[in-house]
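There are 8 protein chains.
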Amino acid sequence: MSYVDLGFARVDTNRKQRRGFPEVIFCAGKTPEEVLAISRALLQADGVVLGTRATAAQFEVVHREIPHAKFFERARCLTIEDKPMPKLDGRIAVVCAGTSDLPVAEEAAITLEVFGNNVERICDVGVAGIHRLLVERDRLESCNAVIVVAGMEGALPSAVAGLVSKPIIAVPTSVGYGASFGGIAALLGMLNSCGSGVTVVNIDNGFGAAYAAATINRLAQK
Amino acid sequence: MSYVDLGFARVDTNRKQRRGFPEVIFCAGKTPEEVLAISRALLQADGVVLGTRATAAQFEVVHREIPHAKFFERARCLTIEDKPMPKLDGRIAVVCAGTSDLPVAEEAAITLEVFGNNVERICDVGVAGIHRLLVERDRLESCNAVIVVAGMEGALPSAVAGLVSKPIIAVPTSVGYGASFGGIAALLGMLNSCGSGVTVVNIDNGFGAAYAAATINRLAQK
Amino acid sequence: MSYVDLGFARVDTNRKQRRGFPEVIFCAGKTPEEVLAISRALLQADGVVLGTRATAAQFEVVHREIPHAKFFERARCLTIEDKPMPKLDGRIAVVCAGTSDLPVAEEAAITLEVFGNNVERICDVGVAGIHRLLVERDRLESCNAVIVVAGMEGALPSAVAGLVSKPIIAVPTSVGYGASFGGIAALLGMLNSCGSGVTVVNIDNGFGAAYAAATINRLAQK
Amino acid sequence: MSYVDLGFARVDTNRKQRRGFPEVIFCAGKTPEEVLAISRALLQADGVVLGTRATAAQFEVVHREIPHAKFFERARCLTIEDKPMPKLDGRIAVVCAGTSDLPVAEEAAITLEVFGNNVERICDVGVAGIHRLLVERDRLESCNAVIVVAGMEGALPSAVAGLVSKPIIAVPTSVGYGASFGGIAALLGMLNSCGSGVTVVNIDNGFGAAYAAATINRLAQK
Amino acid sequence: MSYVDLGFARVDTNRKQRRGFPEVIFCAGKTPEEVLAISRALLQADGVVLGTRATAAQFEVVHREIPHAKFFERARCLTIEDKPMPKLDGRIAVVCAGTSDLPVAEEAAITLEVFGNNVERICDVGVAGIHRLLVERDRLESCNAVIVVAGMEGALPSAVAGLVSKPIIAVPTSVGYGASFGGIAALLGMLNSCGSGVTVVNIDNGFGAAYAAATINRLAQK
Amino acid sequence: MSYVDLGFARVDTNRKQRRGFPEVIFCAGKTPEEVLAISRALLQADGVVLGTRATAAQFEVVHREIPHAKFFERARCLTIEDKPMPKLDGRIAVVCAGTSDLPVAEEAAITLEVFGNNVERICDVGVAGIHRLLVERDRLESCNAVIVVAGMEGALPSAVAGLVSKPIIAVPTSVGYGASFGGIAALLGMLNSCGSGVTVVNIDNGFGAAYAAATINRLAQK
Amino acid sequence: MSYVDLGFARVDTNRKQRRGFPEVIFCAGKTPEEVLAISRALLQADGVVLGTRATAAQFEVVHREIPHAKFFERARCLTIEDKPMPKLDGRIAVVCAGTSDLPVAEEAAITLEVFGNNVERICDVGVAGIHRLLVERDRLESCNAVIVVAGMEGALPSAVAGLVSKPIIAVPTSVGYGASFGGIAALLGMLNSCGSGVTVVNIDNGFGAAYAAATINRLAQK
Amino acid sequence: MSYVDLGFARVDTNRKQRRGFPEVIFCAGKTPEEVLAISRALLQADGVVLGTRATAAQFEVVHREIPHAKFFERARCLTIEDKPMPKLDGRIAVVCAGTSDLPVAEEAAITLEVFGNNVERICDVGVAGIHRLLVERDRLESCNAVIVVAGMEGALPSAVAGLVSKPIIAVPTSVGYGASFGGIAALLGMLNSCGSGVTVVNIDNGFGAAYAAATINRLAQK
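Residue numbers (our numbering), protein chains in the order written: chain A, 6 to 227; chain L, 6 to 227; chain V, 6 to 227; chain B, 6 to 227; chain W, 6 to 227; chain H, 6 to 227; chain P, 6 to 227; chain R, 6 to 227.
Bear in mind the hints are in silico, worked out from the structure with no lab data behind them. You may find that some hints are simply not true.
[What the hints assert, rightly or not] Simulated restraints, written as ranges between beta carbons of each label pair:
(1) P/ALA33 to B/LEU11: 25 to 33 Å
(2) V/ARG69 to H/LYS75: 45 to 53 Å
(3) B/ARG126 to L/GLN22: 45 to 53 Å
(4) R/ASP143 to P/ALA62: 41 to 49 Å
(5) H/ASP94 to B/ASN123: 23 to 31 Å
[Said to hold, decoys possible] Below, computed lysine-lysine pairings styled on DSSO-like, alpha-carbon distance capped at 30 Å:
(6) P/LYS88 to R/LYS227
(7) R/LYS75 to R/LYS21
(8) B/LYS92 to H/LYS227
[To be verified] Part of the chain P face toward chain R, derived, beta carbon under 10 Å:
(9) ARG24
(10) ILE71
(11) PRO72
(12) MET90
(13) LEU93
(14) SER170
(15) PRO172
(16) GLY200
(17) SER201
(18) THR204
(19) ASN207
(20) ASN210
In this text, a Cβ means the ideal position worked out from N, Cα and C, and glycines have one as well.
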């Protein structure tokens, strides 16, 4: 049950053993130097670093010291893969309702890929033109799990849930205005989905949905 | 600009002339005797009475004095039609997502019928089994307006809005539990609908939706 | 049931056939290049582009490539009309409570005009000086629908609803401070209007109100 | 700075001297015996008792011991007036939007009368039929203050504020359903009134409005 | 894409084929006769009936006609298993924080069992005595998924998530008082869990969590 | 019942006659040119202009054209007094709980002075050091009305209400952080004040409190 | 790190050693038989039982089997003291704002007494008559901690905090109506108290406040 | 009962005598000059100044005039200690869940130190890796009080409360996103903690927690 004490942080170097994936850095509210120091501790322990909610300024400091670090701007993720996670069979679908939901969908996709999963990206299939979704039914059913990202009224997970038999994880986004209340409307819509078995993560939490889907995909390995 | 002053109420006998439909009694919070007195004033002025949110106890007192009064239990409406409103051409669809939404849908349907409209009732076509809705596309498109009644996540209006070109009025219901918050989830879902042009009324307000639809149907008369 | 797949977006080129109006671009959260690419796909399919919530930066990129594009700053709309929509008979009133509500009212008005409707603009008739509204009664009644835009307590739709027999669509705005809570006070006021038949759209959603009114006006064509 | 200590209550027998009116019993949550004991202490000190939110069960116990106690059922008030408060000149208007608001309006009216004020009751003048209010303009202007009681969207105080020059105190009521949220819609509407100078009390707090109006009326005495 | 139209309901007899599990009856708001009629349609199509949120009165009517129907009082579930679902390998843990959360935990457990899953019940392991949870680490890790049911502050899923590598589905309950706001505190706690990958369902929605876990368990079958 | 129609605004030149005070410009959301144009219309009609929520940029444009316009920075008010309102007898107290509440208190004070009232300013007498308030009891009692401005928990009006017999108008401010929720805590505190007869205006609405107090003071003139 | 597993509950028999006080039974949502079984386990381990939120029906079953069990109706507490906790020096004040807050205050007082503390009860000293509180200053200062129980606006803890130097624990109650929102107003008021160092517990949580105060008092023992 | 009247502020020079600690400056919303003036008044009266929520700009003005003033950037505190408070025996633990919570934890730590307390800082021991906390049990138990600072779901205080017997004060922080709602999730979690006796302060209120803890520590002095 080890950890590395950096004073401002206790890096959980035992996380990978307990949970199957190494600790991930939530970069928001940390100084670039803190992100760098935690990255180094994780690299040494696990060989893989994923930082979410990273800023360009944080990446710049990390990149200066660790040149092979990568930055995914739209996804706001930084990654360092000295010892990449092993590749898993099967695929995870990341579906999003509209173009404006892409940053959250990409955070999910990058997380999945760092964790060794294959990703199917399907974009802009909101219920206002349901035919755009219906043509994708077989592709969705062929995946081991489906992440559905949507803002505004968040109706897409219900529609997807009516079509496929795989686990569905819904991610509400803060896309919208007025009575979307920063994603509350989508969140409540998803929690009350008439599509049985939809589970939900926090608003804009693409990372969390990917983490759950990766955990599921691991179970599906034969 | 006349009215009848009953002391506890000023019955707006000019309403029909200004707005096209007579005043309707919101029975909640009134004594049975008050409902009866207002009914009499409206009968004398307009020949038609519609009471919404009526209880059996209120109806009993009215019925004793005015035996041809009718009560619609599920819709919680009482009606007296000495001079029925003229019949209008065309039809209004009243669509509901689930069986539990029926009381609100029936309030809408009874209101529409008292106001002279033909009603198409379509029940239990929630998005969890979207094929049940898709088969009704032509019937919906053939109506002059579509009222969509749904609780829980309130996704049905968005799905309907993706299919037809007619005005769509969404009614959130208080059906649900937990984070449906008495209909807030459905209300927010409908207000944020990605289906352009959906308009919304208060939670459980079948009457208001019907009033708006009847106003629209009047415009559609050739 | 066609669409054009741009990767980041699936442009619904079948929308106009199903719903009567072409897809409209919700520009918020899109890059200027994405707005341009969607504009081109819509121009080719429908000959008409309307972008709402557009910024000057988005317009600039579009305008460089499509010089006859127009920008309406207060309404935050961009339009391109190669094949303008056919003109409809009758008029739609756009009423606003105060000067500060103008951006939302103009979004409604521009949308209506792109969709072929004639617009009556009536500004600053809030209930604090009800005589300013009462003098407009006949003009309002002569329209096929009335859009009422108001912030703060959102009382204007109730007052209008007491005067005219036409469909009334209320648009709450985020104008106000303190306990207006970004438009919640106006939204709740309108949802609870004692003026029967008032329907409501999202806070600041001038576009949605116009879309609904245009749908209604189409029904009113003889 | 005296008080009477009953153990479960410290009756503020100095209140009348400091504030001009004696302490009033908020009966909710008290046993009938506690209401009786406090009533006796107040009778001895001030000669006048007003209990608000009183139940029939509480009144019964008080009435058995103090036979000249009175109960106002709709207003939920009990009163005992051994030494009635002196009568004031001028009148206070108590205006209510609808019949269902009467319990709150009556609580205000009874409080005003116990405190020595003349009351003008004006009922059911909601904005859905504004002509019913406009005919009362002169009567309202002739009063020293106007209490406006309304539920649902709470628009009536704004309309009244547009017409008269006297202090206006708005009382939101819990009348309504759905998105009225137990009076929140009316409360927010009144707090955001575009009618300058409207002040507001708690939902259903007819007593508080009357107290404030009585304080104002005292200033108006010549 | 079939369904059976009962007028008040369209029973989705195609659900099992699309989603792997037959339609489940949400009994709230339905008459006993409606529950019976839907049960019969589902029995004929799928051979298995699960009704959630069932009352004793609903069960009584069903039981009179279908004597082998069973009722689980604490779980509020009724079941009829003419053709039981096939048994799956592996186990699902249902963990609950306190005794008062048992009704929700039992709804999850009964649903899992009807869907062919083995259930491990672990009760009263809230974080106030974390040693009661720590001793169960191995048992939890040996399951294919973990459902965690908790009210009040809903901290248990975070603690579980720190210990095991399997998918974790959190169910907030309405257990608590005051600022638990009917389960909002637990819901928000779970959505914001620092334990990566926790997914959440609606307040008191034991059924939904079980449905998701059963979908996951199906993937884990070799 | 006159008004001046500027297109973007209908200036209510009849306001002073109906309500006793001229229309006041709510500057938020208006262009400087619009503020200037409305100012000119009001100057011509009433000879007095008060603009609230004014910015330096708005004032600059007005001041260039009307050099005797004044700007009160902390109060965010602009004034032009060609024909000052007549001076009233008596005084109004403006009490504030802390230094940070001064902008709202000053908005109230400037409004009162433009409307002809004498103002007693009493600052920083919050309940954390109640002796600072108790020494002011006589000064407060000598005024015709007391405006109490407070943020955070908003307890000051209750304390003042325990001491004096004059009308008390409470103004919650947005001063605070965290669970003050932009003034909601103070607003709710004031609405639930155990000090009978406290009336409340919107968060940060110093203007509204002053308007009400000025209306009251007019009644107190002998 | 022991516990007793009753199946439906794991009684934490190690609690007293870790935390200084034995586990307390939160009776809400438990059957009488469950309360009895847990009571027996606790009696055997610790010799002292305290049950909060207990009903008469629960007590009756416990009392039948354990005749020396006691029930405190207003406090909703049941106690069994085979081996009473040792008596502590010093006193804890339990102050309440009004008579209606007594049930919560008594829950605090009974808890304190079972835990070995001396209690000073001070009732009905709300800020509307601040002199009733000021006379108690010395008595409050002489205690080791002060629990302040208040509903409505919850201003009393701020006033107490201005007077004494001892730890102050505030308990908001659900006493009030309308915008008290079941205790939210009081809760927010206390969290935003300008009286430095006030800490707060859940609405109506007299037990929690007493637990904290008892923990503090233990520190104060010489 | 003295104070110094600066016009814009009444500095409570009697505070230290009544409450044991001098008045502390809440710098938010004050001009640098006001902070300086209050600092001087407090220096003269008490010899110690603590300013919270201070900005660099405020500090700069103070520092220019009082060169030995100190600024703690992360804690946003300024201090001047001419006559430092006497040192107390014992220690207070300040525990924080994650690195992002450090500003709030530091505000608590600086406040404690200015008030004469020894501080144990323990950082990044969130429940996602509970072993990082368990190793600190003895250190926590050895302190006289424990302040627990956490954002997101705020579960840490419950975990700490399960381990130690000392008073625990929980500070929710605004760290998080989406449904953390600026700290509401953490606040509600802490108010509903199953760890008996946890008391709570406002979101981000490190100062308040420290004040309470210092008050407790004073009681613990032998």
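TODO: Starting from the hint list further up, note which numbers the structure goes against and sort them upward.
DONE: As far as the earlier hints go, 3, 10, 11, 12 and 13 are violated by this structure, in ascending order.
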